[in-house]
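Enquirer: Line order of the protein sequences matches chains U and S. Under our numbering, residues 1 to 331 are what the first sequence spells out, in order. Under our numbering, residues 1001 to 1282 are what the second sequence spells out, in order.
Careful, some of the hints might be misleading.
[Said to hold, decoys possible] Covered stretches of chain U (chain S as the covering partner; in silico rule of three or more C-beta atoms under 8 Å from a C-beta of chain S): (1) 87 to 95; (2) 195 to 208; (3) 254 to 261.
[Claimed, not checked] Below, simulated BS3-like cross-link-like pairs (lysine-lysine); rule was C-alpha separation at most 25 Å, straight line: (4) U:138 <-> S:1115; (5) U:78 <-> S:1050; (6) S:1050 <-> U:112; (7) S:1115 <-> S:1050; (8) S:1050 <-> U:138.
Please keep in mind that the hints were generated in silico from the structure rather than gathered at the bench. Idealized CB from N, CA, C, for every residue including glycine.
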Amino acid sequence: MTTQSPFAIEATGLVKAFGTVRAVDGVDLAVRSGSVYGVLGPNGAGKTTAIRMLATLLIPDSGSARVLGYDIVREADKVRSVVSLTGQLASVDEDLTGQENLVLIARLLGLKRAQANARAAELLEAFGLADAAGRLVKKFSGGMRRRLDVAASIVVTPQLMFLDEPTTGLDPRSRNQVWDIIRALVDGGTTILLCTQYLDEADQLADGIAVIDRGKVIAEGTPAQLKASVGRGALHVRLLDSDQRPEAERVLAHELGTVHLEADPAALSASCADADRAAEAVAALSRSDVRVAGFSLGQPSLDEVFLALTGHPAEEYADAAAIADQEEQAA
Amino acid sequence: MSATPTTHADSTPADEAAVRRALSSSARPPLPSPLSATLTFGWRGMLKVKHVPEQLLDVTITPVMFVLMFTYLFGGAIAGSTGEYLDYILPGILVMSVLFTTVYSGVALNTDLTKGVVDRFRSLPIWRPAPLVGSVVGDSVRYLVAGTVIVVLGVILGYRPGAGVPGVLAALALVIVFAFGLSWVFTTIGLLLRSPNAVMNAGFMGIFPLTFLSNVFVDPETLPSALEAFVNVNPISILATASRGLMEGNVDAGDIGIVLGTAAVLTAVFAPLTTRLYRSRA
Chain U
1 MTTQSPFAIE
11 ATGLVKAFGT
21 VRAVDGVDLA
31 VRSGSVYGVL
41 GPNGAGKTTA
51 IRMLATLLIP
61 DSGSARVLGY
71 DIVREADKVR
81 SVVSLTGQLA
91 SVDEDLTGQE
101 NLVLIARLLG
111 LKRAQANARA
121 AELLEAFGLA
131 DAAGRLVKKF
141 SGGMRRRLDV
151 AASIVVTPQL
161 MFLDEPTTGL
171 DPRSRNQVWD
181 IIRALVDGGT
191 TILLCTQYLD
201 EADQLADGIA
211 VIDRGKVIAE
221 GTPAQLKASV
231 GRGALHVRLL
241 DSDQRPEAER
251 VLAHELGTVH
261 LEADPAALSA
271 SCADADRAAE
281 AVAALSRSDV
291 RVAGFSLGQP
301 SLDEVFLALT
311 GHPAEEYADA
321 AAIADQEEQA
331 A
Chain S
1001 MSATPTTHAD
1011 STPADEAAVR
1021 RALSSSARPP
1031 LPSPLSATLT
1041 FGWRGMLKVK
1051 HVPEQLLDVT
1061 ITPVMFVLMF
1071 TYLFGGAIAG
1081 STGEYLDYIL
1091 PGILVMSVLF
1101 TTVYSGVALN
1111 TDLTKGVVDR
1121 FRSLPIWRPA
1131 PLVGSVVGDS
1141 VRYLVAGTVI
1151 VVLGVILGYR
1161 PGAGVPGVLA
1171 ALALVIVFAF
1181 GLSWVFTTIG
1191 LLLRSPNAVM
1201 NAGFMGIFPL
1211 TFLSNVFVDP
1221 ETLPSALEAF
1231 VNVNPISILA
1241 TASRGLMEGN
1251 VDAGDIGIVL
1261 GTAAVLTAVF
1271 APLTTRLYRS
1281 RA
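Same shape as in the complex, but just chain U (with noise of 0.2 Å):
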């Protein structure tokens, strides 16, 4: 049933566009079976516009892609009989319970009463869960709501998954729970498309990575060659007061080069890729009685990537929130 290609999913041009605005401007893609592909990129850049139409969701314009060897338009039942999908928002039904999420899911996909409960309690279990098996969802945290969406999807386990920002919002401990879910599942054989804000947790997860800007991908490889491309990490720095700020620029711009202003007063970055030089970099500034709050050397974040790649910064779009407001028209 599944195909003889080395790829789980083969995208060609792929375009979708609401009204004038194309959020998904000619895509192409190519993920291997078996791994974790990342797709990276700022709200409104058309990241869940492509997943919904690789999950089934959405009629491209033009375009086509097969997902495990099925034509996503012509064989869209068999595409849904071998993914699961992940939505930005929790897909899961806030106003039943866990357990019956689970149970609701597990019949819709063929099990009788009593196997669906009992892998309903098996999953609940597995993901920490089985505490809170019987309160409503919308009383769950953020943390437990990503993870019985996951729970959810692997009801029966998918070859493919669909992953549409499954840490955004969540505190770091959660995001970690939810990160070795998906090595998980990952070591278990499923391939993932995992959509992401966050250079971060694409390099933490995926073998490879789309970066998307309005609509198009403008740079793709592993992630140590995307980060090869940007340029280095950057030591950040926080002062316990901000008029010391010109002084601590003056000393990392010595030490270190290119400095950046940010927009809090008492926060500056310089880019370095060496923790020696950033700790020399350090204790220069102590050295200098600038007296520091805090410091870390961070990979080049999202911004920095943007940047490099496309000469804009990373903002949300203003046309973010007109796709949004035109997918809800189409309806």
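Starting from the known structure of chain U, fit chain S onto it as the hints suggest.
Expert: Structure of chain S alone, referenced to chain U:
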């Protein structure tokens, strides 16, 4: 909104090894039949009533209010006595209350669409109209509750249907079948309009005049002739007449035919339309 933390303590973390075991232990079963998928969605509707029983208030309190208000406020003026008017209006109120409830099918569907769970339903390999048919079937239980409340209250107030329990059950069944057909009109509206409120307003703007311009409350013979002509062909009048007939034991088989035919036509036109809109919704 999905990410808003609540005051509840987070649960224990997921166990990676257990997640792996859970993955490997599942084989893909054969897909459910359309009937089974539909009933599962009906069950979902029941669960919502179980968790939020307040939503049954509109199908219990409102009919009680209508029966009491119309019987005692207008009974004397319209029919000469409250007892006589009760005989006339009880089947009518049954029709009206159940038909008003159908508007909520559209409101509920519109509310559902704003939630992420619809994406999951639409990405499942199930019979595509199942979520819709299932929720409309689930709503039939609400109609049954509304109908039962009205009949029981009527009996308490002194209503004695000539055809007894079988007649009442037949009338209830007929009203529910018609409501099933009519609710597809409102699910279509529910998919066309943008907010639950707009659906509610549009729905009542349609159902309210149609119900009042029927023989539910008054004998059409007292009306101006143009109005009378409309009232006589209004399917809601025919439904009310057929319900009275079934409850009294003097029903006209032709009326039943018209009611069932209307329900069938409404379903045939609006159910596929609803399904199409649901599928193509972005």
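Enquirer: Could you run down the list of hints and mark each one as holding or not?
Expert: Consistency of the hints with the structure:
1. 87 to 95: Our answer is that it holds, as 9 residues pass the Cβ test (under 8 Å) against chain S, meeting three.
2. 195 to 208: n = 0 at 8 Å, threshold three: violated.
3. 254 to 261: violated (count 0)
4. U:138 <-> S:1115: Judged against 25 Å, a Cα distance of about 12 Å means the pair holds.
5. U:78 <-> S:1050: The given pair, whose Cα atoms are some 35 Å apart, is violated under the 25 Å limit.
6. S:1050 <-> U:112: Between residue 1050 (chain S) and residue 112 (chain U) the Cα gap is close to 22 Å, so the pair holds against 25 Å.
7. S:1115 <-> S:1050: holds (20 Å)
8. S:1050 <-> U:138: holds (15 Å)
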